[in-house]
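Novice: Now for the letters of each chain:
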Amino acid sequence: MSQFKVLKSLVIDSLDTITKGSIKYHIWMGGLTLVMLIGMYCYFIQLDEGLSVTGMSDSVSWGLYISNFTFLVGVAAAAVMLVMPTYILKDIDFKQAVLIGEGLAVAALIMCLAFVVADMGGPSVLWHMIPGIGVFNFPNSMLTWDVIVLNVYLFINISIPFYILFRHYQGKEAMKKVYVPGAILSVFWAVAIHLVTAFLYQGLQARPFWNNALLGPRFLASAFAAGPALIILVLAVIRSFTAFRIEDRTIKKIALIVTVAAQINLIMLVSELFKEFYAPTHHSESAYYLFFGLHGKNALLPWIWTAIPLNVLATIMLTFGKLRNNLKVLYFCCFILFVAIWIEKGFGLIVPGFIPGPYGKIVEYLPTGIEIGVTLGIWALGAFVFTILAKTAIGIELGELRYKDKNSSAS
Amino acid sequence: MSENKKWHSLDLGLNKKKEASGACGCGKSQGSCNSQEEELSADEFYEAAINASIGDERQRDGFEQVFDVKMDRRTAFKKLTASLLIGAGAVSTSCSVVAGDDTKEKAQIDWEEQFKGNYKLMNDEEKQGTINRLMRSYELRTGKNISMTAENAEEDVLFGYAFNISKCQGYMDCVSACVEENNQDRNSQMQYIRIHEMKDGEGFKFDKADDNYYHEVPAEGHFYLGTQCFHCDNPPCVEVCPVQATWKEEDGLVVIDYDWCIGCRYCMAACPYDGRRFNWSKPEVPANEINKNQHYLGNRMRKKGVMEKCTFCVQRSRKGKNPACVDACPTGARIFGNLLDPNSTIRWVLENKKVFRLKEDLGTEPKFWYFMD
Numbered sequence: 001m002s003q004f005k006v007l008k009s010l011v012i013d014s015l016d017t018i019t020k021g022s023i024k025y026h027i028w029m030g031g032l033t034l035v036m037l038i039g040m041y042c043y044f045i046q047l048d049e050g051l052s053v054t055g056m057s058d059s060v061s062w063g064l065y066i067s068n069f070t071f072l073v074g075v076a077a078a079a080v081m082l083v084m085p086t087y088i089l090k091d092i093d094f095k096q097a098v099l100i101g102e103g104l105a106v107a108a109l110i111m112c113l114a115f116v117v118a119d120m121g122g123p124s125v126l127w128h129m130i131p132g133i134g135v136f137n138f139p140n141s142m143l144t145w146d147v148i149v150l151n152v153y154l155f156i157n158i159s160i161p162f163y164i165l166f167r168h169y170q171g172k173e174a175m176k177k178v179y180v181p182g183a184i185l186s187v188f189w190a191v192a193i194h195l196v197t198a199f200l201y202q203g204l205q206a207r208p209f210w211n212n213a214l215l216g217p218r219f220l221a222s223a224f225a226a227g228p229a230l231i232i233l234v235l236a237v238i239r240s241f242t243a244f245r246i247e248d249r250t251i252k253k254i255a256l257i258v259t260v261a262a263q264i265n266l267i268m269l270v271s272e273l274f275k276e277f278y279a280p281t282h283h284s285e286s287a288y289y290l291f292f293g294l295h296g297k298n299a300l301l302p303w304i305w306t307a308i309p310l311n312v313l314a315t316i317m318l319t320f321g322k323l324r325n326n327l328k329v330l331y332f333c334c335f336i337l338f339v340a341i342w343i344e345k346g347f348g349l350i351v352p353g354f355i356p357g358p359y360g361k362i363v364e365y366l367p368t369g370i371e372i373g374v375t376l377g378i379w380a381l382g383a384f385v386f387t388i389l390a391k392t393a394i395g396i397e398l399g400e401l402r403y404k405d406k407n408s409s410a411s
Numbered sequence: 001m002s003e004n005k006k007w008h009s010l011d012l013g014l015n016k017k018k019e020a021s022g023a024c025g026c027g028k029s030q031g032s033c034n035s036q037e038e039e040l041s042a043d044e045f046y047e048a049a050i051n052a053s054i055g056d057e058r059q060r061d062g063f064e065q066v067f068d069v070k071m072d073r074r075t076a077f078k079k080l081t082a083s084l085l086i087g088a089g090a091v092s093t094s095c096s097v098v099a100g101d102d103t104k105e106k107a108q109i110d111w112e113e114q115f116k117g118n119y120k121l122m123n124d125e126e127k128q129g130t131i132n133r134l135m136r137s138y139e140l141r142t143g144k145n146i147s148m149t150a151e152n153a154e155e156d157v158l159f160g161y162a163f164n165i166s167k168c169q170g171y172m173d174c175v176s177a178c179v180e181e182n183n184q185d186r187n188s189q190m191q192y193i194r195i196h197e198m199k200d201g202e203g204f205k206f207d208k209a210d211d212n213y214y215h216e217v218p219a220e221g222h223f224y225l226g227t228q229c230f231h232c233d234n235p236p237c238v239e240v241c242p243v244q245a246t247w248k249e250e251d252g253l254v255v256i257d258y259d260w261c262i263g264c265r266y267c268m269a270a271c272p273y274d275g276r277r278f279n280w281s282k283p284e285v286p287a288n289e290i291n292k293n294q295h296y297l298g299n300r301m302r303k304k305g306v307m308e309k310c311t312f313c314v315q316r317s318r319k320g321k322n323p324a325c326v327d328a329c330p331t332g333a334r335i336f337g338n339l340l341d342p343n344s345t346i347r348w349v350l351e352n353k354k355v356f357r358l359k360e361d362l363g364t365e366p367k368f369w370y371f372m373d
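Going down the list, the sequences are from chains A and B. The opening position of the first sequence corresponds to residue 1 in full-length UniProt numbering, with each subsequent residue numbered one higher. The opening position of the second sequence corresponds to residue 1 in full-length UniProt numbering, with each subsequent residue numbered one higher.
Treat each hint with caution, since some may be false.
What the hints assert, rightly or not - Calculated pairs, EDC-like style, for lysine to aspartate or glutamate (alpha carbon to alpha carbon, straight line, at most 16 Å):
id, chain 1, residue 1, chain 2, residue 2
1, A, K297, A, D248
2, B, K106, B, E139
3, B, K248, B, D101
4, B, K205, A, E285
5, B, K127, B, D361
6, A, K24, A, D13
7, B, K120, B, E151
8, A, K8, A, E285
9, A, K361, B, E197
10, B, K167, B, D200
11, A, K322, A, D405
12, A, K361, B, D210
13, B, K199, B, D211
14, A, K361, B, E151
15, A, K361, B, D211
16, A, K361, A, E285
17, A, K328, A, D405
18, B, K319, B, D200
19, B, K319, B, D207
20, B, K248, B, D156
21, A, K297, B, D207
22, A, K95, A, D16
23, B, K282, A, E364
24, B, K304, A, D58
25, B, K304, A, D48
26, A, K5, A, D405
27, B, K282, A, E49
28, B, K319, B, E154
29, B, K282, A, D48
30, B, K127, B, E105
31, B, K303, A, E49
32, B, K167, B, E197
33, B, K6, B, E249
34, B, K303, A, E364
35, B, K304, A, E49
36, B, K208, A, E285
37, A, K361, A, E49
38, B, K127, B, D11
The hints are simulated quantities; they were obtained by calculation from the structure and are not laboratory data.
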């Protein structure tokens with residue numbers, strides 16, 4: 001019973017915190033709300049008229065939504081790169097960053113689910129997927145695996161930080177034996193969510209561009225580069241806007257993770273390119289389309305030729321310790337790496353999987369304004385959720401938010 | 001033939017000896033024609049009939065029959081929904097003074113349709129229930145009647161298709177017959193069949209073929225090849241569906257429950273043959289062009305945001321007719337029939353022609369063969 005009282009007080013306190021802040025904070029939240037509203041309006045149009053308002057077609061049947069979904073699964077998985085050193089390797093450096101990382105994972109997962117729902121033709125019958133009431137095609141369909149691992153990962157990533165913060169909120173130390181098993185589980189789970197998401201594509205014999213054994217590992221490498229890169233950027237923002245102390249040491253250690261992952265990712269890219277272009281077969285058509293265009297159709301060229309140089313540049317710059325340890329350069333590298341991987345995993349992976357079609361037909365894909373509106377709206381939703389989570393967490397960690405027991409204060 | 005197969009392969013029962021299976025007319029749904037049931041005495045028959053009709057409830061009475069019913073979660077949920085419905089219906093009927101009976105009935109049907117189960121798992125009674133609702137709903141909305149059926153697959157039937165490349169001249173009568181028969185959306189010009197026009201002497205160059213021509217056919221120096229859903233014996237689209245809204249029926253047809261589909265389009269990505277179509281917006285067919293002879297799994301009206309595909313015209317083929325494309329073909333290039341019937345034309349083609357299928361290396365085992373004269 002007393003736990004409920006604490007919970008109620010926590011909710012009230014956090015509501016109090018998230019509604020107060022500097023003028024910049026209010027502008028930020030107001031802006032996000034506006035973008036979300038625009039996204040909702042776009043989604044309303046999509047619900048009303050059908051998915052025909054998007055750029056997708058019978059040929060390219062997945063587009064911007066699924067691209068973003070795939071990318072964000074990676075971002076969510078990246079939180080583990082902070083969890084592992086902190087809780088398992090006992091590297092205390094990361095402790096402040098971990099809560100932020102897990103908050104980011106929660107926000108990313110919520111965005112993932114939103115993107116999947118936005119992509120559905122019949123969101124009103126989504127209950128068909130709930131085990132027990134509907135029919136869950138487990139274990140045959142990889143999509144059902146994905147639903148399970150994503151939701152469990154979401155649960156893990158909500159419950160661990162919640163437990164820690166809930167204890168800290170009452171001025172108590174979080175008990176290691178309660179949350180460390182969860183943290184260890186989440187390490188395996190993070191790999192699982194990304195591998196399973198890769199298998200979603202990898203298992204389709206109909207799409208040779210996806211049906212290769214490197215897809216899963218490459219997903220992991222790019223995720224562990226892009227995810228921590230985003231965490232570095234977020235930490236940089238938090239450092240400059242709040243009193244939350246994050247040491248340079250922490251950021252530099254995360255930078256090392258980003259660097260190694262980006263290097264591995266680049267090696268895999270080279271391996272992939274070699275396979276596609278050294279002895280090209282019919283199955284290399286998609287890669288040709290992506291990098292050089294086919295039969296005069298070349299909508300993806302600007303995208304991929306932005307991504308590749310950015311990716312290479314960022315990886316090379318990060319490789320040199322001197323450049324990496326300069327925080328300004330590091331932030332720049334992280335930003336371009338993030339953008340490069342977003343492009344590579346979206347337009348560079350999902351769309352060319354459908355082009356050329358099963359009988360060689362080339363139908364190009366460009367997202368429409370409504371699609372972009374919904375996408376931006378969902379990103380704003382993610383940022384909004386993350387801001388709320390981070391602000392509460394920081395408040396508790398700084399000791400600004402504490403549970404005041406009325407009974408004890410009265411006595 | 002080796003017994004340890006590494007991958008799935010189509011079994012036409014060619015190696016099995018069957019006793020006139022295709023020609024059997026006894027109409028029994030269980031057991032073979034020569035089964036021993038004929039030798040049952042009158043007493044045994046009576047016993048068996050009672051067993052079949054009331055089963056284990058014979059030993060129970062009163063309270064037990066009503067309350068001690070074995071129920072899985074699905075049935076329980078359904079019963080709960082049904083009782084909720086009755087309650088909700090009673091409330092709305094007694095409270096509403098404005099709404100007419102039709103409006104109420106419409107709302108009732110919509111509600112029941114929204115929360116019905118997967119057709120694949122329905123028993124015959126439930127199947128009948130949903131098609132009755134759908135027919136009534138159409139009547140309430142448009143004032144016109146349609147006839148919808150829910151025939152199940154027949155025993156000893158496996159549908160197959162063969163396409164004669166030498167005969168096809170590219171007239172595309174099959175395409176238009178298919179669109180008319182299957183009530184496909186006219187706005188987006190949805191078509192299940194594609195006719196690929198290829199150049200003589202170049203072999204099958206699908207990427208150079210034209211499947212959207214408007215010139216006079218047959219064009220000099222070209223040949224034609226049609227594709228559609230191949231009703232694979234090992235369909236990848238069925239495996240990937242997260243809610244089992246698409247499945248392979250006993251007679252080999254790969255079908256979709258349009259009302260159970262959630263529109264994720266995973267099956268579309270998984271199909272190597274471009275066999276599936278999605279309703280990107282609300283499908284529309286002019287009222288006077290609607291084909292009113294419908295099947296639940298076939299050409300009934302679809303809604304926005306669901307998948308659909310060729311069903312070998314299930315509404316025709318299960319009544320013993322040919323699919324519309326076969327009947328429409330002016331050159332006789334299309335052959336359809338029961339693969340398990342040794343006397344069928346399709347079996348003759350498979351046994352006497354050099355047949356092949358597309359992308360056989362993918363292990364999908366299509367039931368759609370090509371051949372030449």
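Novice: Determine for every hint whether it applies to the structure shown.
Specialist: These are the hints, each one checked on the structure:
With a CA separation close to 47 Å, the supplied pair K297/A and D248/A exceeds the 16 Å bound. About 10 Å separates the Cα atoms of K106/B and E139/B, which keeps this hinted pair within 16 Å; it holds. For the given pair, K248/B sits about 40 Å from D101/B by alpha-carbon distance, which is inconsistent with the 16 Å threshold. A distance of roughly 14 Å separates the Cα atoms of K205/B and E285/A; the hinted pair therefore holds under the 16 Å criterion.
Distance restraint check for K127/B and D361/B: the Cα-Cα separation of roughly 38 Å exceeds the 16 Å cut-off, and the hinted pair is therefore not satisfied. Of the supplied pair hints, the one linking K24/A and D13/A is violated, its CA atoms being roughly 21 Å apart against a limit of 16 Å. Straight-line distance between C-alpha atoms of K120/B and E151/B comes to about 13 Å, which keeps the hinted pair within the 16 Å bound. Proposed proximity of K8/A and E285/A is contradicted: the alpha carbons are some 58 Å apart, above 16 Å.
Under the criterion of a C-alpha separation no larger than 16 Å, the hint pairing K361/A with E197/B is consistent with the structure, at around 13 Å. Distance hint between K167/B and D200/B is fulfilled; the C-alpha atoms sit about 14 Å from each other, no more than 16 Å. A C-alpha spacing of about 51 Å is found between K322/A and D405/A, which places the hinted pair above 16 Å, so the restraint is violated. At roughly 9 Å between alpha-carbon atoms, K361/A and D210/B fall within 16 Å of each other, so this suggested pair holds.
A C-alpha spacing of about 12 Å is found between K199/B and D211/B, which places the hinted pair at or below 16 Å, so the restraint holds. Restraint check for K361/A and E151/B: not satisfied, since their Cα atoms lie roughly 37 Å apart, outside the 16 Å limit. Distance hint between K361/A and D211/B is fulfilled; the C-alpha atoms sit about 9 Å from each other, no more than 16 Å. About 11 Å separates the Cα atoms of K361/A and E285/A, which keeps this hinted pair within 16 Å; it holds.
About 45 Å separates the Cα atoms of K328/A and D405/A, which puts this hinted pair outside 16 Å; it is violated. Note on K319/B and D200/B: the hinted pairing is violated, with a Cα-Cα distance of about 39 Å set against a maximum of 16 Å. For the given pair, K319/B sits about 38 Å from D207/B by alpha-carbon distance, which is inconsistent with the 16 Å threshold. Taking the CA atoms of K248/B and D156/B, the gap is about 15 Å. The hint holds against a cut of 16 Å.
For the proposed pair K297/A and D207/B, the alpha carbon gap of about 13 Å is at most 16 Å, so the pair holds. The hinted pair formed by K95/A and D16/A fails the criterion: a straight-line CA distance of about 26 Å is larger than 16 Å. With a C-alpha separation of about 23 Å, the suggested pair K282/B and E364/A falls outside the 16 Å cut-off, and the hint is violated. At roughly 14 Å between alpha-carbon atoms, K304/B and D58/A fall within 16 Å of each other, so this suggested pair holds.
Restraint check for K304/B and D48/A: the C-alpha separation of about 10 Å stays at or below 16 Å, so the hint holds. The hinted pair formed by K5/A and D405/A meets the criterion: a straight-line CA distance of about 9 Å does not exceed 16 Å. At roughly 7 Å between alpha-carbon atoms, K282/B and E49/A fall within 16 Å of each other, so this suggested pair holds. Pair hint K319/B plus E154/B holds up; C-alpha atoms about 10 Å apart against a cutoff of 16 Å.
Our distance criterion of 16 Å between C-alpha atoms is met by K282/B and D48/A, whose separation comes to about 10 Å. Of the supplied pair hints, the one linking K127/B and E105/B is violated, its CA atoms being roughly 19 Å apart against a limit of 16 Å. Only pairs whose Cα atoms come within 16 Å are accepted, and K303/B paired with E49/A is accepted, the gap being roughly 12 Å. Proximity of K167/B to E197/B is assessed by CA-CA distance (about 13 Å); at most 16 Å being required, the pair is judged to hold.
About 24 Å separates the Cα atoms of K6/B and E249/B, which puts this hinted pair outside 16 Å; it is violated. For the proposed pair K303/B and E364/A, the alpha carbon gap of about 26 Å is over 16 Å, so the pair is violated. Taking the CA atoms of K304/B and E49/A, the gap is about 8 Å. The hint holds against a cut of 16 Å. Restraint check for K208/B and E285/A: the C-alpha separation of about 13 Å stays at or below 16 Å, so the hint holds.
Among the hinted pairs, K361/A with E49/A is inconsistent with the structure: their alpha-carbon atoms are about 27 Å apart, more than 16 Å. Between K127/B and D11/B the CA atoms are separated by roughly 29 Å; this puts the pair beyond 16 Å, and the hint is violated.
Hints 1, 3, 5, 6, 8, 11, 14, 17, 18, 19, 22, 23, 30, 33, 34, 37, 38, counting from the list given before, are not met by this structure.
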